[in-house]
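A.B. asks: Sequence:
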Amino acid sequence: MARRILGTLALILILTGLYWGLVEAPPDARQGETQRIMYLHIPSILVAYLAFFIVFVGSCLYLWKGERRDDNLAHSAAEIGVLFTALTIVEGSIWGKPTWGVWWTWDARLTLTAILLLIFSAYLLLRSLIEDPRRGAVSGAILGIIGFLDIPLIHMSVYWWRTLHQPPSILRPDKAPWDNIDPAMLWPLGINFLAFLVLFFYLLSLRIHLGEVEDRVRRSRLYEAS
Numbered sequence: 000m001a002r003r004i005l006g007t008l009a010l011i012l013i014l015t016g017l018y019w020g021l022v023e024a025p026p027d028a029r030q031g032e033t034q035r036i037m038y039l040h041i042p043s044i045l046v047a048y049l050a051f052f053i054v055f056v057g058s059c060l061y062l063w064k065g066e067r068r069d070d071n072l073a074h075s076a077a078e079i080g081v082l083f084t085a086l087t088i089v090e091g092s093i094w095g096k097p098t099w100g101v102w103w104t105w106d107a108r109l110t111l112t113a114i115l116l117l118i119f120s121a122y123l124l125l126r127s128l129i130e131d132p133r134r135g136a137v138s139g140a141i142l143g144i145i146g147f148l149d150i151p152l153i154h155m156s157v158y159w160w161r162t163l164h165q166p167p168s169i170l171r172p173d174k175a176p177w178d179n180i181d182p183a184m185l186w187p188l189g190i191n192f193l194a195f196l197v198l199f200f201y202l203l204s205l206r207i208h209l210g211e212v213e214d215r216v217r218r219s220r221l222y223e224a225s
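Residue numbers for the sequence shown follow numbering that gives the first Met the number 0, beginning at 0 and rising by one.
The set of hints was computed from the structure by calculation and includes no laboratory data. Be a bit skeptical, because a hint or two may be false.
Simulated restraints, written as ranges between beta carbons of each label pair [claimed, not checked]:
(1) Gly100 with His208: 40 to 48 Å
(2) Pro26 with Leu209: 37 to 45 Å
(3) Arg3 with Ile180: 33 to 41 Å
(4) Lys64 with Thr98: 40 to 48 Å
(5) Pro182 with Tyr158: 23 to 31 Å
(6) Leu10 with Pro132: 53 to 61 Å
(7) Leu148 with Trp103: 17 to 25 Å
(8) Arg215 with Glu32: 45 to 53 Å
(9) Ile180 with Gly100: 33 to 41 Å
(10) Arg215 with Leu8: 27 to 35 Å
(11) Trp103 with Glu66: 38 to 46 Å
(12) Tyr158 with Pro97: 22 to 30 Å
(13) Leu8 with Leu185: 48 to 56 Å
Glycine is no exception: its CB is placed at the ideal position from the N, C-alpha and C atoms.
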C-alpha cells in the first residue's frame with residue numbers, strides 16, 4: 000500500500016513539475032525555450048549522484064558486515080543510477096545541440112559522466128556474469144566504491160579544466176541557489192527534483208523487493224537440491 004502511494008505521489012509530482020517547467024516558467028533570456036531541458040537534466044543527474052552514493056554506502060557496509068540486505072540495496076541503487084545517468088546524457092545531448100552546435104563533445108564533464116555510466120554498467124555486467132552470489136557481491140562492492148570516486152571529479156571538472164559545460168547553478172559553495180536562479184525558474188526546478196527523488200525511492204523499493212524475492216527463490220532451490 001505504501002509503495003502504491005509513493006508511486007502515485009511520484010506521478011503527480013512529475014506531471015506538476017513538467018507542466019510548471021515546460022509551460023508556466025519563463026524562457027531563459029539567452030537560451031530561450033531550449034533552456035527548459037534544465038528542469039529534467041539537473042534533477043536526473045542529482046538523483047543519479049544519490050543512487051551511486053547509496054551504492055557506495057551499501058558496498059562499504061557489505062564489505063564490513065557481509066549482510067545480504069546491504070548488497071541488495073547497493074545492487075538495486077546501481078541499476079536505477081545507470082538509468083538516470085543514461086537519461087542525463089541523452090538530455091544533455093538534446094540541450095547541447097542548439098547551445099554548442101553538436102550533440103556530443105569530449106568535454107571534461109561529459110567525458111567523466113560517460114565514464115561513470117560505463118563503470119556502473121560494468122558493475123551490473125560483472126554481477127550478472129559471476130554465478131557465485133557472494134563473489135559477485137564482493138566484486139561488485141569493490142567496483143561500486145571505486146566508481147563513486149568519479150562523482151567528485153565530475154563536479155569539480157568545470158573548475159579544474161577549461162570546459163564548454165557551465166559551472167554548477169545549484170551545488171555552489173559560494174552562493175545559495177536562489178542567488179543564481181530566478182524564483183520563477185527555481186520553484187519548478189525544485190518541484191521536478193522532488194518528483195525525481197520520489198520516483199527514485201519508488202523504483203528503489205520495487206527493486207529491493209525484487210531482490211528479496213530472488214533471494215527466497217534461490218534459497219528454495221538450494222534447499223530442494225540438498
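A.B. asks: Hints first: check each against the structure and report whether it holds.
C.D. replies: Going through the hints against the structure:
Between Gly100 and His208 the beta carbons are some 45 Å apart, a value that agrees with the proposed interval 40 to 48 Å. The hinted range of 37 to 45 Å is satisfied by Pro26 and Leu209, whose Cβ atoms lie roughly 41 Å apart. A hinted range of 33 to 41 Å for the beta carbons of Arg3 and Ile180 is consistent with their spacing of about 34 Å. Judged by the Cβ atoms, the range 40 to 48 Å given for Lys64 and Thr98 holds: they are separated by roughly 47 Å.
One distance hint, 23 to 31 Å for the beta-carbon pair Pro182 and Tyr158, holds here, with the actual separation near 26 Å. Checked against the hint of 53 to 61 Å, the pair Leu10 and Pro132 fails, with Cβ atoms roughly 34 Å apart. The hinted range of 17 to 25 Å is satisfied by Leu148 and Trp103, whose Cβ atoms lie roughly 24 Å apart. Look at Arg215 against Glu32: about 50 Å separates their beta carbons, and that is inside 45 to 53 Å.
Remark: the range hint 33 to 41 Å for Ile180 to Gly100 is contradicted by a beta-carbon distance near 25 Å. In this structure the supplied range 27 to 35 Å holds for Arg215 paired with Leu8, their Cβ-Cβ distance being about 28 Å. In this structure the supplied range 38 to 46 Å holds for Trp103 paired with Glu66, their Cβ-Cβ distance being about 41 Å. At about 25 Å, the beta-carbon gap between Tyr158 and Pro97 stays in the expected band of 22 to 30 Å.
For the pair Leu8 and Leu185, the supplied restraint of 48 to 56 Å is violated, since their beta-carbon distance comes to about 21 Å.
Hint check: violations occur at hints 6, 9 and 13; the rest are consistent with the structure.
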